[in-house]
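Participant: What follows is the residue order along each chain.
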Amino acid sequence: MKQRRYQYIKSLAVIACMAFILTIGVNLTKGGQGDISGIETSPDVFTFDMLGGGDRLETKRFDKSLHDLHTEITGKECGTCHHVKGKETSCRKCHKETDRKKIISMKNASHISCIGCHREMSGPVNCSDCHTRSGEEETAKSGEFPIPNQAKPEIMKEREKDLDKHRGTPVHKMSPVHFDHEIHREYLDKCDIPLRSGSGSCAECHTADGSKQGQMLTAEHAMHEIENKKSCVGCHEDKKKDKECAGCHRVMRKGENFNAICLKCHMEPSKHKGGKALMNKSEDIQDRDIADVVIIDKLSARYGAVELPHRRIIDSLLLGINKSKLATHFHNGKETICLGCHHYSPPGKALGCDACHNSLSDGQDLSRPGLNIAYHQQCIGCHDFMGIESPGSTGCVDCHKVIEGKTE
Amino acid sequence: MSISRRKFLGWVSAAGSASLISTTAHGARKHFKGYPDCYGILYDSGFCIGCRQCEEACNAVNKLSAPVKPFDDLSVLNQKRRTTAKALTVVNRYENKKENKSPVFIKLQCNHCLEPACASACFVKAFKKTKEGSVVYDPSVCVGCRYCMIACPFEIPAYEYDEPYTPRVMKCTMCHDLIKENKLPACVEACPMGALKFGKRNALIKYARERISKFPDRYIDHIYGEHEMGGTSWLYISSLPFKDVGMREDLGITPAPELTAGALGAVPVVASLWTVLLTGIYAINRRKEKLAEREKKEAVEAAGRDKKKVSLYE
Amino acid sequence: MLSNANNTAKSILTPFNLITGAIVLVGLVLTLMRFTGGLARVSNLTDYNPWGLWIGLDLLTGVALAAGGFVSSAAVYIFGLKKYHAAVRPAILTAFLGYALVVVALNYDVGIPWRLPYPFIMQQGTTSVLFEVGLCVFLYLTVLFLEFSPAALEWLGMRKLRNLVHRLTVVLTILGVILSTLHQSSLGALFLIAPSKLHPLWYSSYLPVYFFISAIIAGLSMVLFEGAFCHHFFADKLGEAHRQEKDQIALGFGKAASWVLAGYFAIKVFGISADNNWHYLLTGYGLWYLVELLGFVLLPCLLYATGVRGRRLTLIRWTAGWTVLGIIINRLNICIIAFNWHLPASERYFPHWMEIGISVFLLTCGLIVFKFIVSRMPVLYSHPEYKETH
Chain A
1 MKQRRYQYIK SLAVIACMAF ILTIGVNLTK GGQGDISGIE TSPDVFTFDM
51 LGGGDRLETK RFDKSLHDLH TEITGKECGT CHHVKGKETS CRKCHKETDR
101 KKIISMKNAS HISCIGCHRE MSGPVNCSDC HTRSGEEETA KSGEFPIPNQ
151 AKPEIMKERE KDLDKHRGTP VHKMSPVHFD HEIHREYLDK CDIPLRSGSG
201 SCAECHTADG SKQGQMLTAE HAMHEIENKK SCVGCHEDKK KDKECAGCHR
251 VMRKGENFNA ICLKCHMEPS KHKGGKALMN KSEDIQDRDI ADVVIIDKLS
301 ARYGAVELPH RRIIDSLLLG INKSKLATHF HNGKETICLG CHHYSPPGKA
351 LGCDACHNSL SDGQDLSRPG LNIAYHQQCI GCHDFMGIES PGSTGCVDCH
401 KVIEGKTE
Chain B
409 MSISRRKFLG WVSAAGSASL ISTTAHGARK HFKGYPDCYG ILYDSGFCIG
459 CRQCEEACNA VNKLSAPVKP FDDLSVLNQK RRTTAKALTV VNRYENKKEN
509 KSPVFIKLQC NHCLEPACAS ACFVKAFKKT KEGSVVYDPS VCVGCRYCMI
559 ACPFEIPAYE YDEPYTPRVM KCTMCHDLIK ENKLPACVEA CPMGALKFGK
609 RNALIKYARE RISKFPDRYI DHIYGEHEMG GTSWLYISSL PFKDVGMRED
659 LGITPAPELT AGALGAVPVV ASLWTVLLTG IYAINRRKEK LAEREKKEAV
709 EAAGRDKKKV SLYE
Chain C
723 MLSNANNTAK SILTPFNLIT GAIVLVGLVL TLMRFTGGLA RVSNLTDYNP
773 WGLWIGLDLL TGVALAAGGF VSSAAVYIFG LKKYHAAVRP AILTAFLGYA
823 LVVVALNYDV GIPWRLPYPF IMQQGTTSVL FEVGLCVFLY LTVLFLEFSP
873 AALEWLGMRK LRNLVHRLTV VLTILGVILS TLHQSSLGAL FLIAPSKLHP
923 LWYSSYLPVY FFISAIIAGL SMVLFEGAFC HHFFADKLGE AHRQEKDQIA
973 LGFGKAASWV LAGYFAIKVF GISADNNWHY LLTGYGLWYL VELLGFVLLP
1023 CLLYATGVRG RRLTLIRWTA GWTVLGIIIN RLNICIIAFN WHLPASERYF
1073 PHWMEIGISV FLLTCGLIVF KFIVSRMPVL YSHPEYKETH
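Protein chains in written order, with the numbering used here: chain A, 1 to 408; chain B, 409 to 722; chain C, 723 to 1112.
Calculated directly from the structure, the hints in this document are not laboratory data.
With a cut-off of at most 30 Å between alpha-carbon atoms, the simulated DSBU-like pairs for lysine-lysine come out as follows:
| no. | chain 1 | residue 1 | chain 2 | residue 2 |
| --- | --- | --- | --- | --- |
| 1 | B | K622 | A | K349 |
| 2 | A | K401 | B | K477 |
| 3 | B | K696 | B | K715 |
| 4 | B | K505 | A | K230 |
| 5 | B | K588 | B | K471 |
| 6 | A | K264 | A | K230 |
| 7 | A | K349 | A | K325 |
| 8 | A | K325 | B | K509 |
| 9 | C | K968 | B | K704 |
| 10 | B | K438 | B | K588 |
| 11 | B | K614 | B | K539 |
| 12 | B | K506 | A | K240 |
| 13 | C | K959 | C | K882 |
| 14 | B | K488 | C | K919 |
| 15 | C | K805 | B | K705 |
These numbers were taken from a predicted model, which means no experiment stands behind them.
Only chain A is shown next, with the shape it has when bound in the complex:
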């Protein structure tokens, strides 16, 4: 009798334990955050991955050099590949991602056309010859594309008429932008910025009111959208992050618009001088305007005075600016250089730091630091953004001498 009772209790205990474990298990499969691996639903979409690596297949850029090659091989017979006369544009203008009624997909078109021809003429036929994994860098080689569309005067007039409808009286209007295609072609290797179809002017789709092809984005928005690298202003803004530019531009608010900056693009065609280099050396500026060396010894309690190589700094900034046509276009007055450090100075006069940053301003005005901090934020900040390793941020003796008697 006792034995049976014991058995009964034992089996109850086992059942209770199992029930508990089961409840836990059910709860685990139901929910909870993270930590449980292995219980996943199967994905709805499979990505085909023949090259391995798990990424989508990307096509090698059919860039200028490849186009050049093909032009030569076909003996300048455009019709060999551009099979629709009058529409010698990028294939993608008509051949889209998927097969449609009369026009097959880009994938099928390129495989039939390109590989077909390559088979006959012994060209690349393997997958990896044309496809890469996404993210792989490529170097472009030189070469020339024939340019279908220039900023011809006739086209400019059409655009002007279109925009005219939406601006004020003729007297007060802003000039349309003379877009120098040549200069931009130098810098950008790929024509498919902004569009993969790679042709046509922006204004074709981005009209003054916006059109369906342009996803209802107006011309104004498309050209000025500062967050987007495809727009004019956005790309220019992005270039300010380059090392040569970052020293001054990183401390300026994004899209900070100085007076008359709009006119840098919206200018009369006659006034446009092209990308002429800024003064080549600082000697172009009057000697007495720039000091060679500035001794900063206002606060030398622990460290000695700094001998700031003022002229050398200006010269190296000019060097950086002159490398880029974009920079020279916007930096064509001397105040554009001086204001990088001598900010808030009146035009034509570069004030010393201590004019406004006195030691007392610390704590009184949060946005105006004291002199010591102003010096360090300016110099070290600029060096940091420009990637200058020496003098580095913590290399105090790179700039200061240590005062005798003070130990390091």
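The hints should help you fit chains B and C onto chain A, whose structure is shown.
Facilitator: Frame of chain A, contents of chains B and C only:
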């Protein structure tokens, strides 16, 4: 069993007040936004270059012993450090994988919470939140129980374990004495890059928001310390996400004292209820015993009477 | 005479005396080191781990295991379960020595022990749960002292005083239950302030309730455990009533423990459910938590029930020991093991051998005093001159 009206009302009210045990006391729900005009310090990681001059200044002002490696030895930044009894503030370096590539530094010290966990936890009131904003420590009453070190969510207080007779809890005091003389805290004064800004907490928050909106790609859109643990007087803005620079983002916004307010609020309730219940149970049991005794007595007497009756007739 | 001297010499050098003597000697040396060299000299406590073995074992576990006092006295004097009367005095003695040792251990752990009265006499930190713990422990120690004093007074023959104190029994018991509820739960509430440091499976806003209920379990089990211990080692001191009642105490307390363990198990499961912490159960810590919950809560619940049902006293007593171990594990988990679970392994804490040494030393002192009292005072037997009239 009949129960008097009085007793019934007593039981019902006791049961009703028992429902208070599970909720926090109402007073705990108020949101303390700091003493008006309290000061704070804003740490801007965009300016910090990790030169450790703040550490040196703090060491000097608090008259702490010199460290093993001097303050200009920047190789200490290769390891992550925490505050110790000899270092009330430390700077740590974190690698930056974003475009700029220069490392991000974070300076750690007491955050001078608006509702400090240490002050709430201390059973001898050794910590006080002053109206200037700093949380100060009185070593003359400290017993050394180290509950403050358990309570601090930022793991800041350190203890002088090797002091046998009067060990102290060591933490940043925001140079409270200097602040009262209208001077700047030592680290703020020493920083050459202006990474530390001293001012009214409300003004610092506004300024931090402006900086973030002016340079959105240089800062994460969050002021650490604005709401964490109910708000702290030391605020941080950073170019990297805070969890990547050693600062916990999972602390929540509930101030520490609120976490124990419920348990403490239950004390008087338990004290009063238990008295009533236990006395009641005791009284009921006594009554039961008395009744049982009386019944037994009556049964014995009844049996005795019956016996007598029987014997009479024998 | 020589033989007499030999006899006395032999009687002093018993194995018990030798071992405890050695421990006491080492303990005294360690005590000296602690108070001349500071905490760093004798412990592995760090800035990340301010509370170690002394708090986890001596304080938290010590207080939990001393809960037998209020549990047994409540059972007998408030709930009127007179048949457990023999359990009360040993339980009160254990509780009193336990709390006294807690206070002594605190003097080692706290940085400036002579300032321990400060929270009461200098500044009252009433926002602190620790203040409440301290106050209740101090008051409860007084209550326990008073509850135990009749035994000592009987031994000393101070009849009038003894009778006076004896009349306070019920009041003291009620006060004892209230104070015990408050400080047992508050020891759990101590950790409410650090949710970011305690593992989510152990942290809950119900921590005070968990601590209180597990204290009851600890009390019931400790009565059985140390009862078995006494009956083994102090069999000659056992009074008649104690000898007769010990089995029904085992059965009664065993049954109660089984019920309370079941309730405790249920509220712990509800706690996990309320915080939706199920997914933590499959981690390393989760498995350890399951060991604690299933092995040391559910299992003893079932074993107690089995033992009581089948009147298997040995099983009940072994289960009591197992449950006590479970309580120790639970307190150490909350204070040391699951605390700071987010820190890297290099920053985790393990006690220094000197910390272990001091804990053992204190426990040994407690045992010595216990032996002294039990051998001389009417704890395991009733004094013939005093009849329990209550």
